[in-house]
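Using the sequences plus the hints, can you model the full thing?
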Amino acid sequence: MSKTVALVGTDAIAEAMRQINPDVVPAYPITPQTAIVEAFAQMVADGRVDSEMINAESEHSAMSAAIGAAAAGARVMTATSAQGLALMWEMLYIASGMRLPIVMPNVNRALSAPINIHCDHSDSMGARDSGWIQLFSENAQEAYDNVLQAVRIAEDASVLLPVMVLLDGFIISHTVDRLDLLDDRVAKEFVGTFVSRDPLLDAASPPSWGTFDGLGGYYFEFKRAQAQAMMNAAAVVSEVGRQYAEISGRHYDFFETHRMEDAELAIVAAGSAAGTIRSMIDEFRAEGIRIGMVKLRMFRPFPERELVDALSRVRAVAVFDRSDTFAGEMGGPLFVELRAAFYEKEKRPQLLNFIYGLGGRDLPQALVREAVSLFKAAAGSNERQKRIIYLGLRD
Amino acid sequence: MRKQWDFSKIREWSWREHPVGPVIPVPATAEGYETGGWRSLRPVLDLEKCVHCFTCFIYCPDSAIVVAAGKMTGFNLRHCKGCGICARECPKDAINMVNEAEARGLEKCLLPEEGAVGGEKSA
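Listed in order, the protein sequences are those of chains P and Y. Each residue of the first sequence is one higher than the one before, starting from 1 at the first, in my numbering. Each residue of the second sequence is one higher than the one before, starting from 396 at the first, in my numbering.
For the record, the hints were derived by calculation from the structure and aren't laboratory data. Beta carbons are placed, not taken as given, at the ideal position from N, Cα and C, and that holds for glycine. There may be inaccurate statements among the hints.
[Unchecked claim] Covered by chain Y, according to a simulated footprint, are these stretches of chain P (three or more residues, beta-carbon under 8 angstroms):
1) 95 to 103
2) 194 to 202
[What the hints assert, rightly or not] The following residues of chain Y were derived to be distant from chain P, with all beta-carbon distances above 10 angstroms:
3) 414
4) 416
5) 452
6) 473
[What the hints assert, rightly or not] Among chain P residues calculated to face chain Y with C-beta under 7 angstroms, some are:
7) 206
8) 211
9) 213
10) 224
Rendered as structure tokens:
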């Protein structure tokens, strides 16, 4: 039997970790992720899990230990945020390049400078080309569900890639939310046990991991195989989502659509903002605005074809980005990729970019309303529109 | 039981055929890799001075000190990178670093006082 509980997001993640019972958890504390490893360390101390917890001296070391333990044949998890993820940067590529199915919740927090501990997506967006699968969560329930599914996605034989589960700092991590936890037995059966393909600790016949592969070698071939694994991941994310629906009643796929059937306008968003936006769609509809929403869950791999299909019938799309690319006038990362995805389509909707919420600036309903009126006016105009709008900026 | 690999045709493999992740299914492959080619200085043992204390053996980062029947007998030049740690640590100064090219008879290296180009010249 599943049970309904009230937990902060970090405790919801820790509960998922308890049920997964990973072999090794190397970690380093960083706000707002700290509460995850704190709660998990208590579970280790209380003997509620069998995990070996390693208190590393930095995130670079935490990810290094995670890589070593995963190569040894262990099921490994860690967690981080912002500067911690940035410090792991070198090792992120090694984890994915060595095809190690490490699962890591990243509590989204703004990257410094200026120093800021609050939510935006600049940390995980900075790691978008590191070869990790990335799944966004709207609330604590989704964060919990994503962590359990991430284990199965990462360890699938056609994938074998690390997975980052993203949840908005403080907004999800530190607020109490209602969620359903799976029964321990059901969760454990779902994640199953991890069997490493080439455990370094196979004493009878140990393999070599992390060796040199230079100019005359096969680096290029390994990278092509890694690209294929990311392509394969999409079908696995779908299939794992379908199987998870059977045990939880909650269905997950690349993205969720809300009132898109007859929509003329669409908002695309990821993370907790989707909750605020969804709460207002009916209101906008009552005012005669035919608007819908696409909430993106899977950012890596990027569900290019499916997103284009879902948005091809609307007149205009407002892409909400909680980070910037600083690439000139290209807009936020989600906007950049969505525009690229539409390139081959002859009939394209107008695309506008709303950059919002940097450094944790709130996205209240009033601001969504402001965005929609700007969006509506722009979509109804034949004039060339400003492509990027900084929403909620003191201007 | 892990898959057994035949690497004899690896040069002809497509990207689809390699082991997943750059894993080599056998251990200790560094032994077959010649790192001695990087060497610009070569260690030479003076057996008259050597007391077989194995300080060099402990310090050598490349396991290139050759020991036979309890005695230090010389260097595995296939793996020795010529770092000179053994010569530096030897308590009896029994190891001298000599110019590798000269040791191979490829060239004659002049010391600065012998008029080497680019060497420091005293006023």
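For each hint, the structure was consulted:
1. For a cut-off of 8 angstroms, the count of residues in the stretch 95 to 103 of chain P with a CB near a CB of chain Y stands at 4, and the three-residue condition holds.
2. With a threshold of 8 angstroms between beta carbons, the proposed coverage of the stretch 194 to 202 of chain P by chain Y holds, since 3 of its residues qualify and at least three are required.
3. Its closest Cβ contact with chain P, about 7 angstroms, brings residue 414 of chain Y to no more than 10 angstroms, contrary to its assignment away from the interface.
4. Against chain P, the non-interface label of residue 416 of chain Y is violated: not every CB pair exceeds 10 angstroms, the least being about 3 angstroms.
5. Listed as a non-interface residue, residue 452 of chain Y keeps its Cβ farther than 10 angstroms from every Cβ of chain P; the least gap is roughly 24 angstroms.
6. Taking the minimum C-beta to C-beta distance to chain P, about 17 angstroms, the non-interface status of residue 473 of chain Y holds against the 10 angstroms cut.
7. The restraint placing residue 206 of chain P at the interface with chain Y holds, with a minimum CB-CB distance near 4 angstroms, inside the 7 angstroms limit.
8. With a least beta-carbon distance of about 6 angstroms to chain Y, the hint placing residue 211 of chain P at the interface is held under the 7 angstroms criterion.
9. Interface hint at residue 213 of chain P: satisfied, since its Cβ lies 6 angstroms from the closest Cβ of chain Y, which is below the 7 angstroms cut-off.
10. The interface hint given for residue 224 of chain P holds, since its Cβ lies 4 angstroms from the closest Cβ of chain Y, which is under the 7 angstroms cut-off.
Violated hints, in rising order: 3 and 4; the structure is consistent with all others.
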